[in-house]
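Start from the sequences and build out the full structure, keeping to the hints where you can.
There are 2 protein chains.
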Amino acid sequence: MSIDRASLIPVLKNVATQLRIDSIRSTSEAGSGHPTSCCSAAEIMAALFFAEMRFDPKNPRNPDADRFVLSKGHAAPVLYAAWAEAGAFDRSELLKLRRIDSDLEGHPTPRLPFVDVATGSLGQGICAGIGIALNARRIASDYRTYVLLGDGESAEGSVWEAGNVGAADKLDNLCGITDVNGLGQSRATMWNHDMDQFARRWRAFGWHAIVIDGHDLGAILDALDEARRTKGQPTMILARTIKGKGISFAEGKEGWHGKALNKAELDRAIAELEKQFVPVPPDVEKLAKNPASLIPKPASTSRPPVAPKSPAPPSYKIGDQVATREAYGDAIAKLGEVDPRIVALDADVKNSTFSEKFEKKFPDRFYQNFIAEQVMVGAAMGLAARGAIPFPSTFACFFSRAADFIRMAAISNVGVKLVGSHAGVSIGEDGPSQMALEDLAMCTAQPNFAVLYPCDGVSTERLVALMASHAGPAYMRTSRPKTPVIYSADETFSIGGLKVLRESGGDVATVIGAGVTVFEALKAHDELKTAGMPIRVIDLYSVSPIDRDGLVAAARATGGHLITVEDHYPAGGIGDAVAAAVADAGFTVHRLAVREIPRSGKAEELLDRFGISARHIVSAVRALAGKTVGAR
Amino acid sequence: MSIDRASLIPVLKNVATQLRIDSIRSTSEAGSGHPTSCCSAAEIMAALFFAEMRFDPKNPRNPDADRFVLSKGHAAPVLYAAWAEAGAFDRSELLKLRRIDSDLEGHPTPRLPFVDVATGSLGQGICAGIGIALNARRIASDYRTYVLLGDGESAEGSVWEAGNVGAADKLDNLCGITDVNGLGQSRATMWNHDMDQFARRWRAFGWHAIVIDGHDLGAILDALDEARRTKGQPTMILARTIKGKGISFAEGKEGWHGKALNKAELDRAIAELEKQFVPVPPDVEKLAKNPASLIPKPASTSRPPVAPKSPAPPSYKIGDQVATREAYGDAIAKLGEVDPRIVALDADVKNSTFSEKFEKKFPDRFYQNFIAEQVMVGAAMGLAARGAIPFPSTFACFFSRAADFIRMAAISNVGVKLVGSHAGVSIGEDGPSQMALEDLAMCTAQPNFAVLYPCDGVSTERLVALMASHAGPAYMRTSRPKTPVIYSADETFSIGGLKVLRESGGDVATVIGAGVTVFEALKAHDELKTAGMPIRVIDLYSVSPIDRDGLVAAARATGGHLITVEDHYPAGGIGDAVAAAVADAGFTVHRLAVREIPRSGKAEELLDRFGISARHIVSAVRALAGKTVGAR
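Chain order of the listed sequences is A and B.
383 is the number that my numbering gives to position 383 of the first sequence; each next residue is one higher, with no gaps.
392 is the number that my numbering gives to position 392 of the second sequence; each next residue is one higher, with no gaps.
These are computed hints drawn from the structure, not numbers from a lab.
If you're wondering where the values come from, they're calculated on a predicted model, not measured in any experiment.
Watch out, some of these pointers could steer you wrong.
Lysine-lysine pairs mimicking PhoX-like chemistry, simulated, CA-CA at most 20 Å apart [unchecked claim]:
1. B:Lys523 to B:Lys499
2. A:Lys482 to B:Lys259
3. B:Lys602 to A:Lys96
4. B:Lys602 to A:Lys259
5. B:Lys482 to A:Lys259
6. B:Lys523 to B:Lys602
7. A:Lys58 to A:Lys289
8. A:Lys482 to A:Lys317
9. B:Lys259 to A:Lys602
10. B:Lys96 to B:Lys263
11. B:Lys289 to B:Lys13
12. A:Lys13 to A:Lys275
13. B:Lys13 to B:Lys286
14. B:Lys289 to B:Lys275
15. B:Lys170 to B:Lys231
16. A:Lys602 to B:Lys96
17. B:Lys297 to B:Lys58
18. A:Lys602 to A:Lys482
Dropping the structure here:
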């Protein structure tokens, strides 16, 4: 619906006032929330939702609709108010804000169909925005991505990682708006209302920066228009605003962050706000009563459904020497052939993780983030939310740089497929800073993450395909050293499965390894078998979910003697996962793990020094089961 | 030793050549490492170590010595070569690089007396540099802090967090040098040799930026001089360099990152480098043979040892309602009175974590980082390495933003004292993005972290004092809701201890809680006691280390029935910690924990909905122990 600028502005002004009223009313009803952080953004939201963005409130998931990410997630009430105003749901729902029976949570989550990624951990929304904008390029859509940031969150390094990547990738379909209300949670922000501090940073980072008065609707519309016309670089609109705008006693004052108005304050504020409604020209009166009719609709593109074929089976032969990290590279490159949704993201280690094998085949679906793991995972979240199947990979230890993004990916339940290489002390000489020894703990802690840890090329390739088709988030741990292929190419695997590699009727214990320790367990098996103490050996390639029944069966068959051995610290690793699984069956677990901060050395020296080599497994089996068989 | 510039430069040139020779020789001997990343920095290192920095090679820990942080930790061999050249140890040691019997690891760690913090995870050294520079201010020392960064690592957001904080704190005693060699690990860096990309960013962030040719010793010396004379802002020297400089066949070429030279390459390179030694003027020939004599010594300040008194005992009375987060604020404010080494760091949540109580008393020892958790923890690492006792605090969930810094703090074994508030679903309406449910997993995974989780005001205050005097890194988890004080002010606690809160001869099970779940366990106790099924209740305030003997004793006394209940996801939390501790005694653990992604709601609703309320404890006890006592 087209409408001239002079008529549009009073209509939007009244929408902004309504958004303020809805925001303070819902937070007061909830008894908590961030009303003043909503008020500073009301004009920005009114302009975005009722004049700029092309979307269908009844079908927020339209793949060609413009996207909006509320990076300053604590302003959730104004987001909900905007969608209610747009007609996505009834306004009365707003009064259920923050209740256990409502999806209108304290901070937005994808439980709501119009939210792509959960926000509320500051500095992440702009990273997701990078991925959402990249996705438009991937599917050749002209949808635009808008991200509303707070000024306080601009102190987060992740924002500047996104700044670099957005400019390097020339994402002119991405527009950030920073709501510079000058006040953080506990005090004035670092730069308060010094708009030049923001502008010079964004310009230095290669963005088109526009400084405006964020309560001037004409200026907002002009800036959005300028952003749309800016080519070859993303735009950051820097909007000078007043926190609590519209409420005289809260405007620009400290002490109002995250504080709902009490009854008397609310009544006073609403009385003030109601006086701020302005008359609209007679010709748009009808329209002003239904601002949703102003919303431009997205172009409806017909998109054929993706019907991926199965990749060809692995081409490795038993006994081939291949590092699982390299098998990962081969696997995604093969998968990319049969599924156009597969994309890969790197943080300048593609030649170590072997994601370069994917890049060589599919340079357009390979996104380089340089050494910036937060934006890599954040962009993957955005891509996943829009239908891509993103595989971000780096050294496993450096995923800890993005731990908070992993946490939010879990809350968002988006299908990011993290692959971390160089796990454990088996990397050798580079030393502890490059050794992931807590990555399993980080990922198994998230209740909806699939956590996989293959030991050979075949299982790696099969599991990469499984994690791609798995609905939720997933993590795979790969290793640096070459290991022999032990599975035939037609072996089948499942998320939640395990493999029994050695078993006999006389097994005195079960040794459970994964990755490099599988081979230590196999060595121990051979030695112990010769000594008349055969053991069962399990490859626990799926750490979470875990095959509880398979583990319990093995425990029952082997005298209840369970030994885990892992190239990981003891807490949160394989030992804990197995112990939790078998506890209700009454079994305990003896854990071999890396129990101190390691150091540089040769891989085999370190496996032995830190207690996870075949020798230690043999000792543990003898100590645990020796008495049962009288072998000592 | 003073020497004129014209004579100094050839001496330094030869030092640089020697550093290159030592770097390539040691990496070739090790068979791995990053020789070309050392070569680009050789002149910078020569100028810093033999003309600029005031230090004593025989006493690198001198509190007034200038500090050097190798943020690009993979260039460790050139660091070791510089210290050898300075006389800290014999040059022959360099050939033990990366061996298990040498502390000259692949990346620097504080096993070496001249390393303050471990580096090798890029983008962290400059954050530590912030803390080291702040420490100079704290102890009123004029020592200067130098940080050598790589250009690739400048993509890390943490670098820009440090950029903001360094400028906001006007750290003119801090000087960064970026070795812009243009090549990352897998490809050219984002900006290659476009020096303006770096300069405009650092200038926008408020630093004094100087662009130089990083192989021009005169330019390096001038820039260091200019940095020293620059007041009111930190300096970043941007040095354009060539990766592999001095080795014709590697200079500026891709494919040489992280690759040691083979024998033939090494011989050829050394022959080339030896030709690069230049004649020195006759009057400095003697000096040139012993460049260590050039090193200016630090001013030797006599510093009286710190002799902290004990703080006054807690002033809470049993039954007082106080949130542990608030008790934390009171505790550090009291501790600050008796120990000048205590400092606090915030990320704009001081009014939620209550660190503002410390700020009010000790504004000079309170460091505001705004919403930037990485630099907050990184700066704390630097402060701790230099003798301060830093307490960085934020919402517990947002420490995950600094997970990689926590990992490196563990490797560094520096005494950072992290305090995370707002743990678990008990925060209520704000929703999952603000709820820490994996923070225990993150911290217990590190083998040298003390992990504490008090439930009331008295235990919080006592444990804060204990964590301050504890030698290594530590984490405390605090809660949002007010809880009643249950301990008398003279109760004693220990890191590694627990408290049995309820016990009787007829206890049918042991319920182990911590924080808010202690009170759910106490409620369950009362209900079960009435029903004739008394339980033992344990407050597991020290999660790591854990009182294994106390837990086993409780298990033995209560029919082996152990139930843990925690406001945390199951993996890596209290349940896993208890299970690991009691496994060798043959006991298993029944775990109550938050098993899915939670949502907004009232605290008590959420405790119940997610299975960790008194009601669920009662059910679990009845299910586990009911049959034993026939109560069902």
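_Pair hint outcome, Lys96 of chain B versus Lys263 of chain B [Cα-Cα no greater than 20 Å]_ = OK: Lys96 of chain B and Lys263 of chain B at ~17 Å, within 20 Å.
*For the pair we were handed, Lys259 of chain B and Lys602 of chain A, check the Cα-Cα distance against 20 Å.*
Judged against 20 Å, a Cα distance of about 16 Å means the pair holds.
*asked:* Would the hint linking Lys602 of chain B and Lys259 of chain A be met if the CA-CA limit is 20 Å?
replied: Within the cut-off at roughly 16 Å; holds.
*Holds or violated: Lys523 of chain B with Lys499 of chain B, Cα cutoff 20 Å?*
Since the Cα atoms of Lys523 of chain B and Lys499 of chain B sit roughly 17 Å apart, the hinted pair holds (cutoff 20 Å).
_Check whether the Cα positions of Lys58 of chain A and Lys289 of chain A lie no farther apart than 20 Å._
Given pair Lys58 of chain A, Lys289 of chain A holds - Cα atoms ~18 Å apart, limit 20 Å.
*Does the alpha-carbon distance linking Lys297 of chain B and Lys58 of chain B stay inside the 20 Å limit?*
holds (11 Å)
*Are the Cα atoms of Lys602 of chain A and Lys96 of chain B separated by 20 Å or less?*
holds (12 Å)
*Regarding the pair Lys289 of chain B and Lys275 of chain B, is the alpha-carbon distance no greater than 20 Å?*
At roughly 17 Å apart (the allowed maximum being 20 Å), Lys275 of chain B and Lys289 of chain B satisfy the hint.
_Pair hint Lys602 of chain B and Lys96 of chain A, alpha-carbon separation not exceeding 20 Å_ = Cα-Cα ~12 Å, so holds.
*Quick one, are Lys602 of chain A and Lys482 of chain A close enough, alpha carbons at most 20 Å?*
Measuring from Cα to Cα gives roughly 14 Å; hence the hint holds.
_Distance restraint between Lys482 of chain A and Lys317 of chain A, which requires alpha-carbon spacing of 20 Å or less_ = holds (14 Å)
*asked:* Tell me if the straight-line CA distance from Lys482 of chain B to Lys259 of chain A falls inside 20 Å.
replied: Given that 20 Å is the threshold and the Cα spacing comes to 18 Å, the pair holds.
The structure agrees with every numbered hint stated previously.
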